[in-house]
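Sequential numbering from 0 applies to the sequence shown in numbering that gives the first Met the number 0.
Because the hints were derived from the structure by calculation, they are not lab data. Cβ coordinates follow ideal geometry from the N, Cα and C atoms, glycine included. This list has only true hints and no planted wrong ones.
Per label pair, the in silico range of CB-to-CB distance: (1) W182 / A118: 22 to 30 Å; (2) A118 / N180: 22 to 30 Å; (3) L130 / Q178: 20 to 28 Å; (4) T207 / T128: 46 to 54 Å; (5) P11 / V199: 41 to 49 Å.
Below 25 Å or equal to it, Euclidean Cα-Cα: the simulated PhoX-like pairs (lysine-lysine) are: (6) K258 / K13; (7) K73 / K122; (8) K258 / K65.
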Amino acid sequence: MVNREITANNHPLKGYLFAMTAVLIWSGFILVSRQGGLSALTAYDIIAVRYLTCAAILTPVWFWLKPFNLFNPKLIISSLIGALLYALFAFNGFQTTPASHTAILLPGLLPILVALFSAGLLKERLQWTRLAGIAIISSGIALLFFQQVASNQLTLGHAWVIMAGVCWAFYSVLLTRWQINPWQATASLAIITCVIYLPVYILFLPKTIGLDTLMQLFNGTYDTDVAQSSLVTEILRQAIYQGILATIIQMLCYVQAVKLIGPSNMGSMMAIVPIISGLGAVLIFDEAFNSVLLITLILVSLGVWLANRKATNLSSNRQTHHSNNRKTDQPTNQPTVQSTLTLEEGNPHAIR
Numbered sequence: 000m001v002n003r004e005i006t007a008n009n010h011p012l013k014g015y016l017f018a019m020t021a022v023l024i025w026s027g028f029i030l031v032s033r034q035g036g037l038s039a040l041t042a043y044d045i046i047a048v049r050y051l052t053c054a055a056i057l058t059p060v061w062f063w064l065k066p067f068n069l070f071n072p073k074l075i076i077s078s079l080i081g082a083l084l085y086a087l088f089a090f091n092g093f094q095t096t097p098a099s100h101t102a103i104l105l106p107g108l109l110p111i112l113v114a115l116f117s118a119g120l121l122k123e124r125l126q127w128t129r130l131a132g133i134a135i136i137s138s139g140i141a142l143l144f145f146q147q148v149a150s151n152q153l154t155l156g157h158a159w160v161i162m163a164g165v166c167w168a169f170y171s172v173l174l175t176r177w178q179i180n181p182w183q184a185t186a187s188l189a190i191i192t193c194v195i196y197l198p199v200y201i202l203f204l205p206k207t208i209g210l211d212t213l214m215q216l217f218n219g220t221y222d223t224d225v226a227q228s229s230l231v232t233e234i235l236r237q238a239i240y241q242g243i244l245a246t247i248i249q250m251l252c253y254v255q256a257v258k259l260i261g262p263s264n265m266g267s268m269m270a271i272v273p274i275i276s277g278l279g280a281v282l283i284f285d286e287a288f289n290s291v292l293l294i295t296l297i298l299v300s301l302g303v304w305l306a307n308r309k310a311t312n313l314s315s316n317r318q319t320h321h322s323n324n325r326k327t328d329q330p331t332n333q334p335t336v337q338s339t340l341t342l343e344e345g346n347p348h349a350i351r
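Assemble the whole structure, with the sequences as input and the hints as a guide.
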């Protein structure tokens, strides 16, 4: 952690460019997923497109260039939680939940849920500043839910989004507990999920994508049918964004940003996500904008910044203090729980 922060000062501009790219892709993920939820595609279609595209790209890399034991039980369990269950909850939530609300719930719930899971499973002691950030986030989310309940606009989709946050937070803690590195996490999420999910999708799940759609997609003949053209355009949009940008490109940018500016600054940058995606949802989808939404976005962003920034700094100071006093509570060749969790909270695919 200390070495990362020292090295971070070498190329700050380049690091922040990588960080902003990761932030924009994560923000866009919420908007593109909502667009898919509003389209003719089912949630199950989008999941299939996402992981089939990503697996098609990463499988050759895994097989020939960077092999590892893909079907390790820990990787299978973590993939089922962090990819399959997460995707089922998230993309069903995107069908009915406004993107501005998802922009609040997903980035906002992660610091809260990761703190709870890490305290329970990893016996981590939470600093009061991190708790303060969680309290601010909680107040913003509570304000949103109070408004939704009062106006009778709370939907099942909100519950799906919350469950997606639970899955991703638990997955993040498992990455720390089982010491799964970013490449193993990314490749296993795509390939294992594809192997398990696609047969079930093809045989049993409701779908809009049929054989005729695939034939027209590969033959390039869909432009003669307006409805089919719109469907194929949406498939391509989801394939490029979900399968390439949100899973591969964002991971590369995120890792580079952490190397160049450090996990503390990277985690703080992710606090911009609720603002960008929330306001983007209002502009793109004409979602309702009011003072409650604005206050909630500000509170959640402030809380995410505080939970990441202060917790990381305190973790760094504590690790330095322990190192100077030669304490061995934690092996020096392993990342601290705090610093690893900050990395996981900041990135949806390290999150990805």
